[in-house]
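There are 2 protein chains.
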Amino acid sequence: MYRTHTCGELRLSHVSQKVTLAGWVQRVRKLGGMTFIDLRDRYGITQLAVDEKNAEEVRAEVEKLGREFVVKVEGKVVERASKNAKIPTGEVEINIEKLTILNASDTPPFTIEDESDGGEELRAKYRYLDLRRNPVKNALMLRHRVAQETRRFLDAQDFLEIETPFLIKSTPEGARDFVVPSRVHHGEFYALPQSPQTFKQLLMVAGYDRYFQIVRCFRDEDLRADRQPEFTQIDCEMAFVERQDILDTFGGLMKHLFKNVLDVTFDNVPFMTYADAMRDYGCDKPDIRFGMKIKELNQLVQGKNFAVFDSAAYIGGICAEGCADYTRKQLDELTEWVKRPQIGAKGLVYIRLTAEGVKSSVDKFYTPEELQKIAAEFGAKQGDLILILAGAKKQTLNALCELRLEMGNRLGLRKRGEFAPLWVIDFPLLEWDDETQRFYAMHHPFTSPQPEDMAKFMSGTKEELEAVRANAYDFVMNGVELGGGSIRIFDAKIQQQMFKVLGFSAEDAESRFGFLTNAFKFGAPPHGGIAFGFDRLCAMFGGSDSIRDYIAFPKNNAGRDVMIDSPSQIDDTQLKELSIEIAKEK
Amino acid sequence: MYRTHTCGELRLSHVSQKVTLAGWVQRVRKLGGMTFIDLRDRYGITQLAVDEKNAEEVRAEVEKLGREFVVKVEGKVVERASKNAKIPTGEVEINIEKLTILNASDTPPFTIEDESDGGEELRAKYRYLDLRRNPVKNALMLRHRVAQETRRFLDAQDFLEIETPFLIKSTPEGARDFVVPSRVHHGEFYALPQSPQTFKQLLMVAGYDRYFQIVRCFRDEDLRADRQPEFTQIDCEMAFVERQDILDTFGGLMKHLFKNVLDVTFDNVPFMTYADAMRDYGCDKPDIRFGMKIKELNQLVQGKNFAVFDSAAYIGGICAEGCADYTRKQLDELTEWVKRPQIGAKGLVYIRLTAEGVKSSVDKFYTPEELQKIAAEFGAKQGDLILILAGAKKQTLNALCELRLEMGNRLGLRKRGEFAPLWVIDFPLLEWDDETQRFYAMHHPFTSPQPEDMAKFMSGTKEELEAVRANAYDFVMNGVELGGGSIRIFDAKIQQQMFKVLGFSAEDAESRFGFLTNAFKFGAPPHGGIAFGFDRLCAMFGGSDSIRDYIAFPKNNAGRDVMIDSPSQIDDTQLKELSIEIAKEK
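Protein chains in written order, with this note's numbering: chain A, 34 to 619; chain B, 34 to 619.
For the record, the hints were derived by calculation from the structure and aren't laboratory data. Heads up, a few of these hints could be off.
Identical copies go unnamed one by one, so any copy, or any two together, can satisfy a pair.
Here are the simulated lysine-lysine pairs, DSS-like style, with alpha carbons at most 27 angstroms apart [as the list claims (entries may be wrong)]:
(1) K526 - K97
(2) K554 - K170
(3) K554 - K105
(4) K328 - K131
(5) K489 - K63
Predicted model, so just to flag it, every value in this text is computed and none were measured.
Using the sequences plus the hints, can you model the full thing?
Written as structure tokens, this is what we have:
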């Protein structure tokens, strides 16, 4: 037997028991004639002790130990002379009677500590060592807990976890598919699913009215920071439901998870329309932990001979409470911040409400009364700072959204441990693309229009189509979109209209989605669903912005697993069997 | 709201309540002035009733209904005049007050009944309709239950479910990999995992001492009946364990599943060595629900001038109790059965122990006393039938194994609902292949030799190596291998010896498995694991021999999904982006 207890288990109540532990040598310390060893496993750390009274064989083995050696140790639990209150096992230690080195270790390339000295790349290459560090271990344990609680909740609600295939069919629309050449069927390919979307809809047609799956999905995108070519989602679908049923059920799931994983409770999740979110927060995933809403100022500021504002399609601002004492230097720095390419504003106008009166960077265009009127629009009071951006509407709103979040950060309004969930609803259904001169589905081609907008959708002009709202919803937490979904089209005629609006020919639609539209001919029920980004959800639970630590073996920004060195070349015989050849490099 | 209750929910206690149901029209029957509709959903069937007293709009809508129409119905629960004891809702029906057709249905291509009139191919093409049938639905609900119970048990035992990557590296050894061309890295490929084997071992190196995952795996094999290119396994690994720890833990898992899913209890799982299994049952996965053990007869039957036996390397037989009255015709038919290519025997010798004495097909070579001696070897008694095969040892044992199972079937000894679990242990570590003149790992290259055979393994001759036993084990139930695993090599020197024995060059081993052997340099703990075939396990729970009904969207024997028509051709632009070309057809 390798152990009777784990390294996180022993307490004062175990004193004088004979135990066997196994684990890794975290640290060896010598203090006079004493040697102390911190023995580590997944469950904790236990101190081992040896002094001159211990047997010579034991002392000889201890001499050989280095960091990360794997040992098995037998001995008696004794009360420590100097206790360590920081760890649960800190009141006891093991007096070693026998020590067996199970495996030696080379010196690890970085320290296995909460704060490692290893760079990101080095830690990625030795991911199996990085995984030994507490922060990563805790992230994966949290992920396990979130997965189990998700299943517990949905199982209790009569959801069935049904596995859908990974080797499916390529239906390019939106992101690129990863494909898998078939050896048996010459020149043909499987595709890896970007999501089980069509399969879960088929399951609704098949009568499985509550489906879920925690499932890997694949997207061959040009990678951005914090995007992974393979990612996991909690994928769900329900039949015989309207939007409210879905929001109730999955608002309930989120409440269950926050309660059971973090012991955080919140009331029912509030709603906000897409239009309101864009108007008040400049984006469709507002962080509502704090106010600082955006106000449009066109009416108030145009026509006063300030060319920048007069020529702008949109002028808007926010009010940063208590920031009137920002120095010139701080305001300059903020101006530089909004002018960065990621934010893209042309400049920043400010109004400071000081004890000495209203001061602004546009004093020569506006009277104090006019500036007071602007301040009144924000409900601003003495001590506040108003920040104004102007330009094209979409870009300016986006910049204001970022500026608001930045000011929220600076003012400490985005508090860790505070959670503000939100349903954003009534998204536009379609998005016109000028370049390709066609509509794209904002969500995906199976999303239903809002019932009230159905007539417009079935026979509207281009302008009317642009105004059609989708019966779609996003779950947003603290400014992060954690999930999204929609009520689906379940009427073959409406689906055909959608394909027409998206510019698919009948043949095209048939070859891509025929198996779904054909299925709809045999009694499709009303249905809808949602998918949560599981990696992102776990990162949110862990209080991290980065998903990578919540994935056991992530890929880097180039889609490469540097630990196993993949992707890599394959044998010529493999290529031949698959009937494929590598094209010359472009 | 689409429904207040499901179609499986209403009882006498609901009588006179107003309810709303939604579902599919299973059947419409007219009886005089009455029309009865069976409304079906996932939960059951509820009868709807309409007669001349119902409103005309309702009767008009009912007239339009056809099989598999989707409807929403409002009405009052009433007690039925003629009750149906066969279904839980059989005491009540709904008097329809309002009926809304949510979706019409074309006539389905086959009947949605427990016994459908649709052939296998047709049902595969319309899998979403086949999935509506009770047997398939029950199979998927059972699968869900087995998955949830597996997680519940392992979670309670401190196992962590950790997701491993799907886009990994091709390491051809054994079965073929499916590969995925990388668009970003020219000429390079990911591979889909045949199992998470190396990743779970890395997790052990990383200190996650109890890992599991219910995970999809991929194998590009030439398909046999009941093999799927993608399949699911319960994949597990533990550190700081010996074989007995693994067997206790996963014997416990199986006990938990059988108890909680089927309410079947069994005692601790017995053991059998591979050598004993081969000797007594002719195969490494014996069905021990019945005896009928194989006996070797070489000593007893050779040297009596019967050339067939004298020239055979192995002669063995079984005793079929109570079959002495088999007719000549039956024995001829059995002889033809063993001569089929799948069994491959040259002929069949029988000895009948009748009331008139011992009668056999080899009377002219053996005296009655000699035949009695053979009978005694089996402990046969009057009324029994001894069946004997001869030939090369391996093939003859295999044929005897099949013959034994066949006789078990004919005698009703392989009872449904009876479960006989078994651990088979002490498999050979290596298998010599004459064609390639090298050893192959019987399990995989990370399987540890038995501790007692380690010296032989490290420096043995070819003959000694062949005799080395692996520290491996299979979980067998009723003659079906449900899972298997091994204690792994965790010492870099032993692993190098394994690669050497398998004929890998140092470079080869490094490029294929370097990330694992390098990891072992940093303190690998002793570890081992097991994987259960989840599709097969679910089929066993469901009492079926075929895994296909336990997979929501299976592929056919050619690896094709005929519903979505995959694999299929992809766009030229996709090929170009991936820098691959299709080779000419061979």
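Hints and how they fare:
| no. | hint | in the structure |
| --- | --- | --- |
| 1 | K526 - K97 | between (77 angstroms within a copy, 19 angstroms between copies) |
| 2 | K554 - K170 | between (49 angstroms within a copy, 21 angstroms between copies) |
| 3 | K554 - K105 | between (65 angstroms within a copy, 18 angstroms between copies) |
| 4 | K328 - K131 | neither (73 angstroms within a copy, 50 angstroms between copies) |
| 5 | K489 - K63 | neither (80 angstroms within a copy, 42 angstroms between copies) |
Hint compliance for this structure: hints 4 and 5 are broken, all remaining hints hold.
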